[in-house]
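Chemist: Read off the chains here:
There are 2 protein chains.
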Amino acid sequence: MTNILILGAGAMGTAFCFPPADAGHTVRLVGTHLDAEWIESVRKTGIHPKLKVKLPNGVSAFSHDQFGEALGLGNELIVLGVNSAGVPWAVEQLGPLLKGTTPILMLTKGLHAQRDAIQILPDAVRSGLAKYGIEKLAVGAIAGPCIAAELAAGRDTTVVVAYADARLPEWIAHLLTTSHYHVRPSMDLVGVEVCAALKNFYALAVGCPSGLLAQQDPAANRAQMHNPAAALFTQALLEMARFVSFLGGDQKSVMGLAGAGDLYVTCQAGRNSRTGYFLGSGLRYSEVRATHMANETVEGAELALVIGPVLERLFSLGRLDPKAFPLAKAITDAICRDLSLRIPWTALHQV
Amino acid sequence: MTNILILGAGAMGTAFCFPPADAGHTVRLVGTHLDAEWIESVRKTGIHPKLKVKLPNGVSAFSHDQFGEALGLGNELIVLGVNSAGVPWAVEQLGPLLKGTTPILMLTKGLHAQRDAIQILPDAVRSGLAKYGIEKLAVGAIAGPCIAAELAAGRDTTVVVAYADARLPEWIAHLLTTSHYHVRPSMDLVGVEVCAALKNFYALAVGCPSGLLAQQDPAANRAQMHNPAAALFTQALLEMARFVSFLGGDQKSVMGLAGAGDLYVTCQAGRNSRTGYFLGSGLRYSEVRATHMANETVEGAELALVIGPVLERLFSLGRLDPKAFPLAKAITDAICRDLSLRIPWTALHQV
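Residue numbers (the working numbering), protein chains in the order written: chain V, -11 to 339; chain P, -11 to 339.
Among the hints, a few may not be true.
Same chains, same label: a pair holds when it works inside one copy or across any pair of copies.
Derived pair list, reagent style DMTMM-like, types lysine to aspartate or glutamate, alpha-carbon separation capped at 25 Å [what the hints assert, rightly or not]:
{"hint": "1", "residue 1": "K42", "residue 2": "D104"}
{"hint": "2", "residue 1": "K124", "residue 2": "E80"}
{"hint": "3", "residue 1": "K124", "residue 2": "D326"}
{"hint": "4", "residue 1": "K240", "residue 2": "D309"}
{"hint": "5", "residue 1": "K42", "residue 2": "D205"}
{"hint": "6", "residue 1": "K38", "residue 2": "D205"}
{"hint": "7", "residue 1": "K87", "residue 2": "D326"}
{"hint": "8", "residue 1": "K311", "residue 2": "D238"}
{"hint": "9", "residue 1": "K42", "residue 2": "E300"}
{"hint": "10", "residue 1": "K317", "residue 2": "D53"}
{"hint": "11", "residue 1": "K311", "residue 2": "E158"}
{"hint": "12", "residue 1": "K124", "residue 2": "E64"}
{"hint": "13", "residue 1": "K38", "residue 2": "E284"}
{"hint": "14", "residue 1": "K40", "residue 2": "D309"}
These are calculated hints, taken from the structure and not from any lab test.
One chain only, chain V, in its complex shape (with noise of 0.2 Å):
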């Protein structure tokens, strides 16, 4: 029996407490400062109001102010389950407490940014933990097809935990694994993580072709609107794959679980689609924010805000060939510059 720690008690950090729960294993879900109402449902009547499932037995809830007396009952791996605007405040709780080499595994997708540099967020963890003194922790991720709600409802899937040390991800797999719950261990945590990462950013161009069938008179026919997502789709994929060797990853990663996998997945449902619906409907993003989203985060064009400014630099700099990037082009655009989202088909699978 191992002993996890969950910081994070939003819907994918709560769901994630299945996994380990079901194998056996003792988990400890901490809540943000964000989630003290959460935290104190699945207290009080064992459900997650946002969830809306019991959490299973073996799963003890803190809230944020008892993070500190969570850690010190000893963890063996702590799992990182904020959203990516929460990494720096994970920092902050961690760094002041951590001790030993306990690995950190992170289920939040993001990039990190800065001047003409992007950074994978296991990577931005472990230089910000530094800052605290704490070096050489092992900081990886786990990545795949995995919407919350249906992890919490046993739904088979099959994921993929990187780190760069080669102990770690066979260890963690196995860990994890459960009856409905398969994990495949990897070392490319580079290319694992930067397709976790871009499946929300491209996503928003997939789903636009539906928001734009719904703007139209029906075709004579009621054909819909899955060819031009489809080309989409395989667009996101190769440059997502450019991407991902830029960054020195693995291509092959990019036809794998967290690549085309959680692409997939990411494109039938979920805030980055239908955030891409209402853009592909004719609504400039700032509308978008102000009337569906609003008060929802939706990560992909949240990273679309990060890697915006840096890709353009890269452009300029010409360290990135703009022709290679058509859709990203166009994403940023939509969500930095608040201008229409349009589908640059001449431009596409075009190198």
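Given chain V, put chain P in place with the hints provided.
Modeler: Chain P in isolation, oriented as in the chain V frame:
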């Protein structure tokens, strides 16, 4: 202006009239002996009853007994739009009449198999025509996300045209590209064709979780089955890549329009994923054929019947590793042996 003859007036053959007609070319649509009713309707009303749209000007319709006449008018490109079972028939029609070296472009998707050899359909057509003394004929294919009804309704899509001959893809891409139909050239005829055929086959598996969902009581949180579908989608891509390598194609095509793109669209709609839905709901293939899919051609199941016995031989000869194709094995067992379609989760993503 170029003259293009399309043989096969089903939904796809007929929808394919649009790009060349929109680009200003003359299109001669020739029905097979099974399409007589549709050809008559096109002649009388301009409307194809199955496609439910009016065909553009510049399209003339011919019945199968006028094939010689249509061929005699002179054509610079012959398009084969029959279904995979109709390929031998098409070769019999073309063999005695074909003169010169008019290239053939195949819309038909499938694979030809004999003993322990699998052949792409363009090679099967070339072999078939060689028996009529027709040699050195260029036979290529067009593939990518392209539901017929959407093509006919002018939805954007991007597709790939592939020939082993370097000159033809560029020429045909130029010939067929319109403001909504974006054609990209490829020389990987084997990779493109293997993907285009297998997408129907693997869509049977990706469609299966939604059928399973329909059989269960709804989850407390109304969770869907997108996670398992996405994990299967990814396994399909991995196995497609292995088939492509085995048959001498380029794995890059798997991440492209003919691979991931066409698999994506095939999993969103159509007879193959619908058949997968029924298999997932617990029916045997014989039951699906007898009820929901009576009188329908399910190309993915037809392909399973073709390649199933060959795969068994290749596995037993040690020429293919069954561990690399667990999903193909589950599908062929379901179709060829009429067993329940069981997803072998623990065997997926292991190699």
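Chemist: State for each hint whether it applies.
Modeler: How the hints compare with the structure:
no. : hint        : result
1   : K42 x D104  : neither (45 Å within a copy, 53 Å between copies)
2   : K124 x E80  : within (18 Å within a copy, 70 Å between copies)
3   : K124 x D326 : neither (41 Å within a copy, 55 Å between copies)
4   : K240 x D309 : both (21 Å within a copy, 20 Å between copies)
5   : K42 x D205  : between (44 Å within a copy, 17 Å between copies)
6   : K38 x D205  : between (36 Å within a copy, 20 Å between copies)
7   : K87 x D326  : neither (45 Å within a copy, 58 Å between copies)
8   : K311 x D238 : both (21 Å within a copy, 23 Å between copies)
9   : K42 x E300  : neither (46 Å within a copy, 45 Å between copies)
10  : K317 x D53  : neither (42 Å within a copy, 53 Å between copies)
11  : K311 x E158 : between (39 Å within a copy, 19 Å between copies)
12  : K124 x E64  : within (16 Å within a copy, 66 Å between copies)
13  : K38 x E284  : within (13 Å within a copy, 43 Å between copies)
14  : K40 x D309  : neither (46 Å within a copy, 43 Å between copies)
Consistency with the previously given hints fails for numbers 1, 3, 7, 9, 10, 14, ordered from lowest to highest.
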